[in-house]
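J.: The whole structure should be built from the sequences, with the hints applied where relevant.
Residue numbers (this note's numbering), protein chains in the order written: chain A, 1 to 303; chain B, 1001 to 1246; chain C, 2001 to 2369.
There's no promise every hint is true.
Stated by the list, open to error - Only some residues are given here: those of chain A computed to face chain C with a beta carbon under 10 Å: (1) T53; (2) R78; (3) R79; (4) A104; (5) S137; (6) A145.
It is worth saying that the hints were derived from the structure and are not from the lab.
Think of the CB as a built atom: it goes at the ideal place given N, C-alpha and C, for glycine as much as any other residue.
Here's the letter readout for the chains.
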Amino acid sequence: MSDRTAIKVEGISKSYGAVKALDDINLEISEGEIYGLIGPDGAGKTSLFRVLTTLTLADSGTASVNGRDVVADYQDIRRTIGYMPGHFALYQDLSVEENLNFYATVFGTTVEANYDTIKDIYSQIEMFKTRKARALSGGMKQKLALCCALVHKPEVLFLDEPTTGVDAVSRKEFWVMLKRIKESGVTILVSTPYMDEASMCDRIALILNGRIIDRGTPQEIISRYPDRLYAVRGGNMFRILKILRPLDGVLRCSSFGSECHVAMAQDGPDSSFLLDTLKDSGVEDSSVELVNPGIEDCFIRLS
Amino acid sequence: MEEKSVVIRNLVKKFGNFTAVDNISFEVSKGEIFGFLGANGAGKTTAMRILCGLSRPTSGEGTVAGFRIKDQQESIKRHIGYMSQKFSLYPDLKVWENIELFGGIYGLNDRQIAAKTDSMLKALSMENARDMYIRDMPLGWKQKLAFSIAMVHDPEIVFLDEPTGGVDPVTRRNFWEMIYEAAGRDVTVFVTTHYMDEAEYCDRVSVMVDGRIEALGSPAELKETYGAKDMDGVFTKIAGRAERGE
Amino acid sequence: MKEIFAFIRKEFKHIFRDRRTTLIVLIMPIVQIVLFGFAISTDVHNAVVDIVGDASDPAVQRIIQRIDSNEYLEVGNIYASPAAIDDRLRKGKISAAVCFEQNFDSNLAAGSTAVVRIIADGADPNTAQTVTSYIKGVIQSEQAEITTAMTGGGSVSMRPNVQLMYNPAMNSAYNFVPGVMGLVLMLICSMMTAVSIVREKEQGTLELVLVSPVKPFWIILSKIVPYMVLSIVNFVTTLLLAHFVMGVPVNGSLALLSLVSLVFVGSSLGLGLLVSVISATQQTAMLICGMGLTMPTMMLSGLIFPCESMPMWLQVFSDIIPAKWFIIMVKKIMIQGAGFTSIVKEFCVLLGMMVALLWFSIKKFKTRL
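T.: Below you can see the structure in the form of structure tokens.
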């Protein structure tokens, strides 16, 4: 990661009718980092990607990619970025090879010339190169799309929800690939609705309803979590939720896998208060433990 | 004996020489929350289509809500609820129109629909949203409404196909609380998800790999069997062995 | 330049890998020509013909017998006055009526012209044309016989006076060829171009292509070229079929015909682009092309209903349809053998439409989403 700025977003806003898709977005992404844009569907992730990839114009604000303005220098940007849209956007009736060759040609290059860039990923699907794209599995489609976005050696890679709808195992593989691409010096802006993927990024921005609600390294964001967080285990979780949620001093109470995360003010009551209350309500086998918050806890606090 | 909402024995579905579902058997009890997990292409969707009466099995026996999957598909469709993230409600219809539509589809008469509309909106505290267009509603509301509408005909079992994909953490949790309430009313919930923390909320979970059910049990049992600290670890261990793609 | 060829190659792959598209592009034109052709060249059998005139007149009698013995015609009722004919035609009881003037025989004998009138149902121009030509044939053979029978030279003339009810300027039976050509070229150029662009919009591939450094103009061009090539192929096949299988003459200049068609193809491509700009899904594009372009082309271009029998406002409306002008020109060139000078007006209109449509749609084609 260097200190040079790769993507700069200043005061970008964009509305579709009455809906404010992007509301005064400011971001600075450094060269060579994996920057995660994390938020649910409809948060504005795709809108921001489209502004940065010069596909739509923002209503106000400016943005640049590697020093090139997204409005004035859009043709230069198009030459130097790789983009993988949120849905599988390759030609279903063309084979793996034909798709790749097509995109290589469109970007004025050949697969052979840049084979090194895609070798790692392409080698995993090369055995299916005559297969039509529509006959590929989800994981393979994803790899092909990534190859197509990389085939012209882009400086910046935009990946819009590359792991959505992909199973947990394929998702992990995908992040390993991204790490390797990053090592070759490519800046990567990636969006995801999965909070647990935040830790895979160098820095992240949490986005909700068109607004950035927090940003920084995952560690920084977590360290800003102001409350004490307890994990409560045992018994029927939804019963526990019902008991704990109305209590004074409990700020938030939400299920987290097999646990229930309870946020309490730093100067509020401690774990014994929770245990006692649960015992009084007839939940005997519960345990309470002070835990470190995750990105999802931060997101819940901020939303 | 405990009442069963789903009983499946040796279910097989082949497409040509490709075996999408390879001899699976399982049962789901009434009022249970059953998580149906699997990697992409493991045969989840195919199996779910058969259970919902949308597709016929190649071989195998089974009942859903008491009706045979082989020859009573129409009855199955009438007696189950179904909701998916992709398709749920008509965005260009108002809230009450959606309720009326789906009530009508499931054979409710006008009086029943009117009563159902009132009670549903009251339960969701959406009385003021009666005339709102679905497209103008926040996602969380839409989802709750879609879930309620999937149960407009009081089905014994409701199938949820990735109901929370891409939804924000708060809305996702609120939704699961609704699932729990439904299960508390003895409705069986059959749910697929890609969020592994949600797998923890299920009473029992099955993991499909290459058309077979590779693991089946409560989250606690599975975590112990596979020596994993959470369901994500369990899933990675099981699904990582998959041989075929989608 | 390499990019363009990659694009065009890809476009052809799309066309030939989808069996339905291939079928539409290559088979449909042939099927349409053959279908229309046979529907039209169906022979008339036992068409009933009423006679109006003096049944005791010897010449009239002879002609009645000839009609009766003709294998395609059959004599219906014989009336003294034409009053009942209109009703009989309307109800479809008869295909035509032959009216003889008073003193037909004596007029003939006097060496002057005897007038015979043929009334047929012009609402069905194809049958009408066939029947009237049979009747004319009958009258002419009678006339020829009298002429040879008469000694001392001179000739008699029975002037058949054909009157078509409801469609006085009966259109030629070759109508269908220019019409089908217009329809086919329109479908291939407009519908296929629009759908192929909108499909990429829908699938999101356009997003990726737009993000590439390829200039939008080249993207448009790469979409246009394949369909232009296919239209030319189709133009040639329909023309060959029409000429050699259906026997439709090509009286005028082939080069002029090709030029006119090229201009029409250009305007159709412009229309297709325009549709692709305004529609977001393939269904919308199909609907707009189907309802907005194909239907009016069929209805207003004179392919099914003659333009002249349409209400005035519809006739005015049909003026904005490029196919109308194309069909008029093709008719003039192919059937009447007209030269450029007689189609200058239509040609200019079509050329103007092409330029305007192409300019407008290329300008409107967004470089962004």
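J.: Quick check: which numbered hints come out false for this structure?
T.: 5
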